[in-house]
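Peer 1: Starting from the known structure of chain A, fit chain B with the ligands onto it as the hints suggest.
Residue numbers (full-length UniProt numbering), protein chains in the order written: chain A, 1 to 322; chain B, 1 to 245.
These are calculated hints, taken from the structure and not from any lab test. Incorrect hints may have been included.
When the alpha-carbon atoms are kept at most 35 Å apart in a straight line, the in silico DSBU-like pairs for lysine-lysine are as follows [unchecked claim]: (1) A:Lys-282 <-> B:Lys-104; (2) A:Lys-31 <-> B:Lys-90; (3) A:Lys-133 <-> A:Lys-214; (4) B:Lys-243 <-> A:Lys-52; (5) A:Lys-297 <-> B:Lys-239; (6) A:Lys-87 <-> B:Lys-104; (7) A:Lys-227 <-> B:Lys-90; (8) B:Lys-224 <-> A:Lys-214; (9) B:Lys-243 <-> A:Lys-13.
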Amino acid sequence: MSVLVYIEHAEGKVKKTSLEAVSFAHALAQKTGEGEVVAVALGSIDSAELVKVGSAGATKVLHAGDDRLTAGVIQAHASAVAQAFEKVGGKTLILAKSSLGDAVAARLAIKLEAGLVSNVVELPDTSSGYTVKRSIYTGKAFAFTALTTEKKILAIKKNAVDLKTDGGDASVEPLEVTISDADFASKITNTERATGDVLLPEADIVVSGGRGMKGPENWGMIEDLAKTLGAATGCSKPVSDIGWRPHHEHVGQTGIKVAPSLYIAIGISGAIQHLAGVNSSKCIVVINKDPEAPFFKAADYGIVGDAFEVVPKLNEALKAEL
Amino acid sequence: MKILVCITHVPDTTSKIQFTADNTKFDTTGVQFIIGPYDDYALARAVELRDQTGGKLTVLNVGEAETEPTLRKALAIGADEAIRVNSFPKDSFFVAQQIAHFAKEGSYDLILMGRESIDFNGGMVHGMVGELLNMPSFSPVMKLDLDGTTVKMAREIEGGKEMLEAQLPLIAGCQEPIAEWKIPNMRGIMSARTKPLNVVEAVSEQTQAETKKYELPPAKGAVKLVDKDQVSELVKLLKNEAKVL
Ligand SMILES: Cc1cc2nc3c(=O)[nH]c(=O)nc-3n(C[C@H](O)[C@H](O)[C@H](O)COP(=O)(O)OP(=O)(O)OC[C@H]3O[C@@H](n4cnc5c(N)ncnc54)[C@H](O)[C@@H]3O)c2cc1C
Ligand SMILES: Nc1ncnc2c1ncn2[C@@H]1O[C@H](COP(=O)(O)O)[C@@H](O)[C@H]1O
Chain A
1 MSVLVYIEHA
11 EGKVKKTSLE
21 AVSFAHALAQ
31 KTGEGEVVAV
41 ALGSIDSAEL
51 VKVGSAGATK
61 VLHAGDDRLT
71 AGVIQAHASA
81 VAQAFEKVGG
91 KTLILAKSSL
101 GDAVAARLAI
111 KLEAGLVSNV
121 VELPDTSSGY
131 TVKRSIYTGK
141 AFAFTALTTE
151 KKILAIKKNA
161 VDLKTDGGDA
171 SVEPLEVTIS
181 DADFASKITN
191 TERATGDVLL
201 PEADIVVSGG
211 RGMKGPENWG
221 MIEDLAKTLG
231 AATGCSKPVS
241 DIGWRPHHEH
251 VGQTGIKVAP
261 SLYIAIGISG
271 AIQHLAGVNS
281 SKCIVVINKD
291 PEAPFFKAAD
301 YGIVGDAFEV
311 VPKLNEALKA
321 EL
Chain B
1 MKILVCITHV
11 PDTTSKIQFT
21 ADNTKFDTTG
31 VQFIIGPYDD
41 YALARAVELR
51 DQTGGKLTVL
61 NVGEAETEPT
71 LRKALAIGAD
81 EAIRVNSFPK
91 DSFFVAQQIA
101 HFAKEGSYDL
111 ILMGRESIDF
121 NGGMVHGMVG
131 ELLNMPSFSP
141 VMKLDLDGTT
151 VKMAREIEGG
161 KEMLEAQLPL
171 IAGCQEPIAE
181 WKIPNMRGIM
191 SARTKPLNVV
201 EAVSEQTQAE
211 TKKYELPPAK
221 GAVKLVDKDQ
231 VSELVKLLKN
241 EAKVL
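Same shape as in the complex, but just chain A (with noise of 0.2 Å):
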């Protein structure tokens, strides 16, 4: 018996996200005694990649390597996940929170009769049942859910658990699957992504902008210092509403909920559905003139003052310090 994750991956190389649902299967089968830890990898990657997934506490990855798989097609990979848990015959499936995961895992819940949660935020308690821990009305709350399916699926939240670096490698064996046209059927006619950058859903540190920005040109100060501090770039929904900048970046409760150790937000006011977006994060950092700004009540360290004069030096200051 072993625990299943569904690993994703982008040009090349396994999301950390991912990497992350593997530490924490990792981490419940030390807890449950469920053996080892199993992963599925679809479509068109390096094998050596794979064998990389072993540090995170993986000691086997299952690789459908069919290059219509290396897209996202949802049905396709949900059937083929649903073989690949077939054959390693566990009871749990673990995957990292993702628009590609949450869409495959809801699609598994039905085919495998499992119990799914979302949002998951440590191990399930498993002293007396099996519940589980899930972040709630959008970070404002937690709830406690316990499953009563035998067969389970958990969909991980980020810093869920601690990436674990230390594990040996994993063994790569080619998994065979059967998938119909019909799950085929849905073309990816066009992707988009940006390249080089680093992903803000992914990222550990993310520098955000709002509309006390004043407009697109004043953004280079933004990305200045996302560049110093290896971050990703956010802004507020308004910013991402008038174009200033791309829907990707636009962080809060309509748009990309982030888990940093370390949120940077400027010129953002705080309205309560921006900061529902950012609630996970470790530490937020505050640069705002206005010391009445709502964001200041939910920061760990703040300065009032104006973002064009503030923003550079702080800049200066990391370089000088990193």
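Peer 2: Then chain B with the ligands, alone, in the frame of chain A:
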């Protein structure tokens, strides 16, 4: 063209979340309920598509009687009829079964939902319904256009988007900027009073999960302010105190 939009009845985004009865019940005191913001995007796009193609737009909620004002609001925004499946939404699987049953009976061409509910944030119901009906499901969908029976969509992925083409019937979990939220006008509000709102009973009681208890995150301590002329002080704090650099 028959369109079904599934909506949730959820606390307003500005609500303070609290629990009662030893943290086992959501405290509705002073809470305003709204159509889930993502469901509102789905509804707005559905109204546009119905107006474009003709046909009928049905909204559905699985919930108890108190959700009816929310369904009426959806009628005021432009839905033609509303259905309430008369049951507390016990878990996602339970809700998905109700929607799947109803959708099958109504043989809808297009089923739109929100990318996620803002109470439980599962983002799961659309996929579950898709699998139950053996229909493709896509989420989070930020653009959806019809070209005959072909649906052209943009789906958000981490750090970008992918363009998709699929055939009707299908299910989409929607998010902005698929359409602009619509505000009901006076005529809409008046006509909503006489549009049908039918109540049906749940078809299955099966669940997979049960929430036993809730918890609030620990209160945040006071902010530490750093003088704007001493920014290097902030760098030191982040490094040595918060240990995040
Ligand atoms: C249902 C719903 C969902 C929503 N979802 C989201 C969401 O997901 N994400 C989101 O962000 N919003 C969301 N909103 C909108 C939210 O309510 C706020 O309107 C929005 O977050 C405000 O953006 P902002 O802080 O950039 O702009 P503003 O509120 O205009 O604030 C600008 C801030 O910049 C400061 N400032 C101005 N000049 C300077 C300067 N030179 N230096 C430093 N500071 C300066 C000001 O003091 C002010 O605090 C939602 C709203 C609703 C109703
Ligand atoms: N009780 C419900 N009644 C009707 N639709 C629902 C209900 N719960 C969830 N949905 C739909 O499913 C979507 C995703 O919900 P969830 O999986 O809970 O995040 C929501 O945006 C709604 O469109």
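Peer 1: Check each numbered hint from earlier against the structure, then list the numbers of those it violates in ascending order.
Peer 2: When the structure is compared with the hints, numbers 1, 3, 7 turn out to be violated.
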